[in-house]
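**Q** Listed below are the residues making up each chain.
Protein chains: 2
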Amino acid sequence: MDWATLFMKMDASVDSITLFVVLLCFCIVIGHLLEKSRWMTESVTALFIGLCTGIFILVTTKGKTSHPFVFDEHLFFIYLLPPIIFNAGFQVKKKQFFQNFITISLLGAVGSLISFVIIWLGSTFLLKNLDIGFLEIKDYLALGAIFSATDTVCTLQVLNQDETPLLYSLVFGEGVVNDATSVVLFNAIQRFDLSHITSTVAMELFVKFFYLFLTSTVLGIVVGLLTAYIIKKLYLGGHSTDREVALMILMAYLSYMVAELLDLSSILTVFFCGIVMSHYAWHNVTEKSRITTKHGFATLSFISEIFIFLYVGMDALDIEKWKFVSKSPGKSIGVSSILLLLVLVGRAASVFPLCFLSNLTRKSQSDKIGFKQQITVWWAGLMRGAVSVALAYNWFTMSGHTQQAGNAIMITSTITVVLFTNVVCGLLTKPLVRFLLPQHKQSSNIMSSELSSEMSLVLPVLTNREDPKQDSMSESDRLPPNLRMLLTRPTRSVHYYWRMFDDSFMRPVFGGRGFVPHIPSPNQNYLHERLLPEQHTIVE
Amino acid sequence: MDWATLFMKMDASVDSITLFVVLLCFCIVIGHLLEKSRWMTESVTALFIGLCTGIFILVTTKGKTSHPFVFDEHLFFIYLLPPIIFNAGFQVKKKQFFQNFITISLLGAVGSLISFVIIWLGSTFLLKNLDIGFLEIKDYLALGAIFSATDTVCTLQVLNQDETPLLYSLVFGEGVVNDATSVVLFNAIQRFDLSHITSTVAMELFVKFFYLFLTSTVLGIVVGLLTAYIIKKLYLGGHSTDREVALMILMAYLSYMVAELLDLSSILTVFFCGIVMSHYAWHNVTEKSRITTKHGFATLSFISEIFIFLYVGMDALDIEKWKFVSKSPGKSIGVSSILLLLVLVGRAASVFPLCFLSNLTRKSQSDKIGFKQQITVWWAGLMRGAVSVALAYNWFTMSGHTQQAGNAIMITSTITVVLFTNVVCGLLTKPLVRFLLPQHKQSSNIMSSELSSEMSLVLPVLTNREDPKQDSMSESDRLPPNLRMLLTRPTRSVHYYWRMFDDSFMRPVFGGRGFVPHIPSPNQNYLHERLLPEQHTIVE
Chain G
1 MDWATLFMKM DASVDSITLF VVLLCFCIVI GHLLEKSRWM TESVTALFIG LCTGIFILVT
61 TKGKTSHPFV FDEHLFFIYL LPPIIFNAGF QVKKKQFFQN FITISLLGAV GSLISFVIIW
121 LGSTFLLKNL DIGFLEIKDY LALGAIFSAT DTVCTLQVLN QDETPLLYSL VFGEGVVNDA
181 TSVVLFNAIQ RFDLSHITST VAMELFVKFF YLFLTSTVLG IVVGLLTAYI IKKLYLGGHS
241 TDREVALMIL MAYLSYMVAE LLDLSSILTV FFCGIVMSHY AWHNVTEKSR ITTKHGFATL
301 SFISEIFIFL YVGMDALDIE KWKFVSKSPG KSIGVSSILL LLVLVGRAAS VFPLCFLSNL
361 TRKSQSDKIG FKQQITVWWA GLMRGAVSVA LAYNWFTMSG HTQQAGNAIM ITSTITVVLF
421 TNVVCGLLTK PLVRFLLPQH KQSSNIMSSE LSSEMSLVLP VLTNREDPKQ DSMSESDRLP
481 PNLRMLLTRP TRSVHYYWRM FDDSFMRPVF GGRGFVPHIP SPNQNYLHER LLPEQHTIVE
Chain Y
1 MDWATLFMKM DASVDSITLF VVLLCFCIVI GHLLEKSRWM TESVTALFIG LCTGIFILVT
61 TKGKTSHPFV FDEHLFFIYL LPPIIFNAGF QVKKKQFFQN FITISLLGAV GSLISFVIIW
121 LGSTFLLKNL DIGFLEIKDY LALGAIFSAT DTVCTLQVLN QDETPLLYSL VFGEGVVNDA
181 TSVVLFNAIQ RFDLSHITST VAMELFVKFF YLFLTSTVLG IVVGLLTAYI IKKLYLGGHS
241 TDREVALMIL MAYLSYMVAE LLDLSSILTV FFCGIVMSHY AWHNVTEKSR ITTKHGFATL
301 SFISEIFIFL YVGMDALDIE KWKFVSKSPG KSIGVSSILL LLVLVGRAAS VFPLCFLSNL
361 TRKSQSDKIG FKQQITVWWA GLMRGAVSVA LAYNWFTMSG HTQQAGNAIM ITSTITVVLF
421 TNVVCGLLTK PLVRFLLPQH KQSSNIMSSE LSSEMSLVLP VLTNREDPKQ DSMSESDRLP
481 PNLRMLLTRP TRSVHYYWRM FDDSFMRPVF GGRGFVPHIP SPNQNYLHER LLPEQHTIVE
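Just so you know, the sequences run in chain order G and Y. Read in order, the letters of the first sequence correspond to residues 1 to 540 in our numbering. Read in order, the letters of the second sequence correspond to residues 1 to 540 in our numbering.
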């Protein structure tokens with residue numbers, strides 16, 4: 001078979017799909033074989049396989065092309081990203097996510113704003129001296145948005161939800177909010193006339209920003225609740241498990257597409273849709289549907305992730321852009337180093353002060369985020385990924401192609417930063433976590449103490465629902481309820497009232513884990529739990 | 001919101017994807033609500049919803065367009081068909097399929113050849129008088145191939161595997177072979193110079209035909225076995241359920257794409273890949289993966305099916321083609337009626353003689369396919385579906401558009417035949433089955449007697465593996481083994497030797513349901529079953 005002609009004519013999608021499917025299979029098998037290694041992660045494996053394939057194609061086509069098709073942000077944003085983010089919301093440990101919600105929001109929204117400002121201003125001053133072609137003020141702003149998007153996908157692979165639950169929920173939750181923030185910022189920069197920023201424009205931007213956050217979240221919650229309601233009312237599972245699963249998939253995707261259509265942050269929408277679905281709809285379906293959705297969504301997300309890394313790896317050798325760069329290698333290295341430096345500084349300037357702020361609200365010493373943990377949070381969030389690449393392509397190219405030297409350098413620098421942070425951070429994070437936090441118990445203790453402050457109040461209610469492991473952990477440092485209540489009142493009462501509301505209004509309407517009224521007696525509680533679900537199905 | 005401009009600019013894919021996702025959700029909910037109706041099936045519901053949406057778009061755009069995009073055979077053959085056919089192979093009851101394998105092959109391959117010849121010759125003689133523009137000899141041949149493809153998808157929805165197992169396996173199995181035959185025929189017509197058919201060309205065609213059948217089947221089996229082997233060797237499930245599921249999905253899709261790439265019959269390939277995967281690979285994965293794959297594949301197939309019907313329904317109002325037709329409505333009705341008639345006659349000419357032939361090989365009276373059942377087989381296979389539409393678009397249009405009156409009439413006639421057969425056959429099959437075969441026990445008895453003839457010989461081996469229900473059924477009319485062996489020797493011994501081969505060579509290598517050696521003693525058998533899987537994991 002003549003490989004050169006094959007790769008050249010690869011617009012025909014059957015060929016390139018086959019190539020990608022074969023590579024995906026390779027990634028899974030090789031990723032599995034390398035799993036025991038301390039260093040490798042699946043994403044780095046996929047990046048390497050993508051790179052090698054790119055080199056192979058480049059050699060066989062004698063330097064004409066390195067990939068069967070150019071990076072297509074449409075493919076990325078419409079097909080690959082939704083399953084990843086939805087699955088993240090669907091599988092996230094909700095309790096930990098919401099207990100750290102304030103810290104996560106701080107790191108995600110304010111943190112990426114800080115990163116954005118630092119990278120924007122830094123690049124404005126530092127890149128000017130490099131003479132890389134004319135960049136407008138808008139271009140520097142876009143750079144800020146592009147490089148303030150951390151990579152949620154990598155984080156998921158590097159940190160372990162069970163080993164370091166607090167860090168995982170912090171870094172991951174932050175990543176989602178962060179992604180959303182950058183995309184919102186990016187869209188705002190595209191649309192607003194930012195050549196002369198006045199305080200009015202800044203205010204307008206700020207209002208729009210919060211409006212988008214709010215509406216996106218609400219949309220996701222509404223779609224999630226609607227799904228739960230439909231599944232509960234129609235009792236689809238009684239007739240067909242497949243219909244339930246199909247409806248969940250379709251509604252989740254619908255939330256994303258509607259958000260796209262309304263120019264909202266679809267990432268935020270589908271994330272909250274995932275959270276709400278796992279809280280209500282997931283409990284309304286049959287046991288088989290639960291297993292199928294849990295593993296089915298995870299599988300789709302897994303395939304999408306590997307696909308993205310393969311894609312980025314293969315695209316890294318995009319010869320069209322490197323031709324410009326090869327004329328001025330020094331410049332390109334300069335730009336990449338500057339951007340990398342700004343990413344490091346920007347993240348440090350957001351993580352450490354914000355963790356300090358967050359620690360101020362945590363009264364107990366064991367609740368605070370330690371310095372070593374802060375370093376891990378800083379480090380784990382350094383990775384830049386497919387979102388950055390997609391935004392860079394969107395900004396600096398016309399449907400994947402560019403003829404301008406400055407733009408080509410920006411694309412190659414983005415790819416360099418993405419590859420560098422992924423490979424270096426990806427390879428070093430596992431060892432770093434082991435070095436900085438050698439006792440995994442330590443971090444899980446912090447987690448459990450966070451939990452326990454919760455537990456102590458709601459314990460009588462929770463005893464019958466929570467798994468015994470968490471209970472026994474919280475036993476250790478329980479204080480008299482009223483004392484603790486004084487110390488950390490605000491968050492707790494919000495959570496407490498939410499529970500009340502959830503149990504007395506939301507769950508009867510939308511389903512969810514067996515409806516439990518607020519009766520402290522364990523026996524009665526047990527009775528209610530046993531009886532009510534059956535009454536439900538009979539009455540309704 | 002201005003609907004007209006929205007529908008006009010709907011090339012933008014976010015809009016049309018959103019529309020389709022909303023409609024799919026509607027189809028699921030409405031299909032569920034109508035489920036108890038005797039008449040409606042999910043496919044007819046989807047067709048109607050598609051039609052209504054088409055009319056709505058047509059009205060709001062003031063007759064400019066009826067659909068957000070033109071029927072795309074690429075979308076159909078690359079994304080929608082593979083999950084349906086793979087799932088069909090994955091879920092088919094293998095025992096029944098292989099016991100009726102000769103009848104299925106007869107009906108599928110020879111039957112569609114008979115249909116093809118009748119429709120080809122019939123249209124050549126009958127359509128000539130209608131003056132619908134110049135049609136070449138190739139066009140008539142193509143018509144034969146287009147209309148000899150029955151619709152597997154509809155059959156699955158109309159017949160019930162549990163109520164009428166024999167009919168289901170006959171009609172469905174035939175449908176798959178039929179689809180493959182038509183596509184192979186169609187490709188052959190496209191490539192061969194058929195303006196003057198000589199006996200050499202016919203012979204060549206025949207050889208090519210069988211070569212394609214064989215290679216396609218072998219490819220599917222090889223990919224299926226490879227998947228089973230990889231999963232068994234790597235023991236992926238021990239680490240990640242999602243990897244197993246991902247590998248199964250990817251390998252299944254790979255088999256289809258490789259077959260496409262090699263110009264084989266990808267439908268046959270992916271069908272046999274599904275069968276082999278469910279026989280070996282499915283037993284090598286974790287319990288959770290089994291549930292996930294079973295329901296996950298079914299869900300994907302379900303969504304694809306509804307999507308196709310929505311699509312065909314919406315496309316039925318393609319205004320570009322109907323404009324030609326509106327100038328000569330009589331001609332169009334004539335063509336549609338002639339084609340419909342030929343489909344009816346062609347199917348009758350293949351089903352009844354072939355069933356007669358098949359009955360000659362069945363010695364026992366209860367094994368024979370009764371006349372009422374033959375009518376049901378004839379009727380249930382009348383439906384023409386998306387494969388016909390896709391082939392017609394491929395032949396008579398240039399990427400969805402045509403400016404020739406004759407071609408436009410062919411497209412609209414195809415759509416008319418598809419809609420008519422689907423709606424009429426779809427609506428009447430359920431009542432017909434109930435009318436012709438009022439006792440479901442009758443048909444299941446025929447099934448069980450077919451099974452029993454099998455059972456009686458292999459019973460000592462099977463006792464520990466088959467579910468007790470089937471055994472008790474076979475109890476009823478069991479004959480002395482050697483007597484029955486004399487009566488139906490050939491098929492049985494093939495199956496017997498396959499079992500031997502499967503147990504002694506295939507299963508130890510490729511996994512599959514717990515490896516059981518041929519030892520009649522139940523105790524020892526039990527021991528082996530319990531011990532061997534563990535030895536496996538330790539040794540390998």
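Read the hints as simulated data drawn from the structure, not as lab findings. Mixed in with the good hints, there may be bad ones.
If we take Cβ atoms under 10 Å as the criterion, some of the chain Y residues that face chain G in the derived model are [unchecked claim]:
hint: 1; residue: D15
hint: 2; residue: C25
hint: 3; residue: I28
hint: 4; residue: S240
hint: 5; residue: D242
hint: 6; residue: A298
hint: 7; residue: D503
hint: 8; residue: M506
hint: 9; residue: P508
Ideal Cβ placement from N, Cα and C applies to all residues, glycine included.
**Q** Decide, hint by hint, whether the structure agrees.
**A** Consistency of the hints with the structure:
The closest approach between the C-beta of D15 of chain Y and any C-beta of chain G is roughly 7 Å, which is under the 10 Å cut-off, so the hint is satisfied. Hint status for C25 of chain Y: holds, given a least beta-carbon distance of 5 Å to chain G, under 10 Å. Among the interface hints, the one on I28 of chain Y holds; its C-beta lies about 5 Å from the nearest C-beta in chain G, closer than the 10 Å criterion. Interface restraint check for S240 of chain Y: the shortest CB-CB distance to chain G comes to about 8 Å, inside 10 Å, so the restraint holds.
The interface hint given for D242 of chain Y holds, since its Cβ lies 5 Å from the closest Cβ of chain G, which is under the 10 Å cut-off. Hint on A298 of chain Y holds. Least Cβ distance to chain G is approximately 5 Å, under the 10 Å limit. Contact between D503 of chain Y and chain G, as hinted, is not supported at the beta carbon level, the nearest pair being about 28 Å apart and thus beyond 10 Å. Evaluation of the M506 of chain Y hint against chain G yields a violated restraint, the C-beta minimum of about 22 Å exceeding 10 Å.
The beta carbon of P508 of chain Y is not positioned within 10 Å of any beta carbon in chain G (closest approach about 22 Å), and the interface hint is therefore violated.
Hints 7, 8 and 9 from the earlier list are contradicted by this structure; the remaining hints agree with it.
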